[in-house]
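Colleague: Next come the chains, spelled out residue by residue.
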Amino acid sequence: MIERRDDELSRIYRDAEGPRPPQRVDDNILAASQRVAGARRRPAGFGFARRWGTPVALAATVLVTFTLALMVFERESGLDAMAPEARRTDRPAKVLPAEPQRTDQPGTPSPAVLRPIAPAPPISQALQRDPVEQGRGESTVSRGGLGTGQPAFVPEVPRASEVLRKREEAKPALAAPVPDAQSAPEFRQQARPMQAPAAAPAAGALSESGATFQRSGVTAAIANPLAVSEAKERTPEKWLEDIRKLRTEGKMTEVERELAEFRKRYPDYILPEDLR
Amino acid sequence: MLRYGKGDAGAFEALYRRHRLPLYRFLLRQVGNAESAEELFQDLWMRVVNSRGRYEVRAKFTSWVYAIAHNRLMDFYRANGRASFLSHEESESVLEDLPAGEIAADLRLDRKRAVERLLAALGELPDAQREAFVLQQESELSIEEIAAATGVSPETAKSRLRYAVAKLRASLGKKS
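Protein chains in written order, with the working numbering: chain A, 1 to 276; chain B, 1001 to 1176.
It should be emphasised that the hints constitute simulated quantities derived from the structure, not laboratory data.
Built from N, CA and C at the ideal position, the CB exists for glycine as well.
A couple of the hints might just be wrong.
[As the list claims (entries may be wrong)] Have a look at the derived ranges for each label pair, beta carbon to beta carbon:
(1) Ala57/A with Asn1080/B: 55 to 63 Å
(2) Ala57/A with Arg1078/B: 50 to 58 Å
(3) Arg20/A with Arg1047/B: 14 to 22 Å
The following block holds chain B by itself, in its conformation from the complex:
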């Protein structure tokens, strides 16, 4: 990003090639439709382009760009009347009651059905929990990086992640 800030267009292209798929999938999983995801995706990268002169190395580029994506998502949720983010206390209280689910044996054999079931369950997760899970899966961010990107404490990020995983596992173990 610093090289791009000095006019190296090739440096930007390298960054884009490395992060385009995880970012796009992250946005698509969160908003649920390709059109909005494309709009957000393009807007996100234009913000990156326009920030080239102000960019400072304070954290990993990944954390920085996902923080921008998170803020754009918040704007999108507000604009569309979606405010389903759970508070820290709520997520922890819910987490207490979660059973440790096992994935059904037939789904372990039928991967295609397992994927369909997982994606369906992912769509039903609260936005904050889904965000934490997708950030971990797509970008392989740590708890601290997820917390930094989403603007919450690491404890909150961890709770959201654990809740998402428990819910997803439960959805995969109930029915075959």
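Next comes chain A alone, as it looks inside the complex:
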């Protein structure tokens, strides 16, 4: 509904001088409006936060999720790539302090070495009694650290055997089945029938007593579940070498068990032709 305006009347009406509101009224109204708007400035800031809060929170969530996913992915892929190497370099350093315990785990029969000295205290105690040897052991550990890349297991062997020999010399009475006159070489003579007739080339580098200890340690490790778990910490090459020795000794059951354990431990490791 459009009512046409009376243009003539409108023209006359517009000629009338238009009254204006006084300046003070304008000032009052504008001041009041700004006062109220100023009081609402904090909510305006809150409005800004409300407007950008959700996008910023989403962006932060995406960023954190992506970063975490990237880190996990890189870590997993890195582990996959360096799994054998990492274990070769890292694990032996952890194993070192536990290695001497292989010889005489309490309640664990050790056919080669422990039988003659069954009542003897653990080697850790023996080490405590011999601070010189202990100091030497620590230096060995430090030498076989992570940075060298060398397995610390091999240098450890002579040290433990020396401890055993020292203990035998210091306490001959403790080895009940062994007569007083029986010395360490004789003890080794007893242990020798348990050894393989033909030692592996790597073992040849070791001293005789060290090799004896090492083999007896392997045997004890097979017999003892705890020792078996410790044996897992060996490098794959060393482990395979030990399995070869067992096979040479004709212990096929242990060879099978060790191989099964090895496959479980290193599923991606390609076994040498002679062990397949």
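Using the hints, position chain B against chain A.
Modeller: Chain B in isolation, oriented as in the chain A frame:
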């Protein structure tokens, strides 16, 4: 108004600058004295300020603010014993008898006298008719917008407007 509701004081100032003169003149023409007009004017804008949080876009801001002005005028009329608003039927019955007046020739030449005569005749109009005429002249509202602002039907608004125009033209044509 929505921007002002979010704290933009500049938006209110823009609104105020645009509507202050028509609103003030509308109130002044209706109440007839500057003091009451200023009081109503200030009160009207304070109501606008205080409505900033509740404002919803249902119609033009102009219709909304003139509806507030109309309600304030009603309060003012009641408070001052002025209840001269004609009913719809009255305005239409009166409208039937109105002659189509012509503006006198001398007044067409003498604009100053024409303005004086028009404003005098405007003051003599019933409040409802004057309100409709001033709303149309000052704020250029349509019939529907005038009806919405004053709370009547568009027919009533149209009748009031036509009656006001006829009366004003008659006042300008009788005497020189």
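Colleague: Next, verify each hint and record whether it holds.
Modeller: Evaluated hints:
1. Ala57/A with Asn1080/B: 55 to 63 Å: 58 Å, holds
2. Ala57/A with Arg1078/B: 50 to 58 Å: 55 Å, holds
3. Arg20/A with Arg1047/B: 14 to 22 Å: Roughly 21 Å apart at Cβ, these two residues keep to the hinted range, so it holds.
Consistency with the previously given hints is maintained throughout, with no hint failing.
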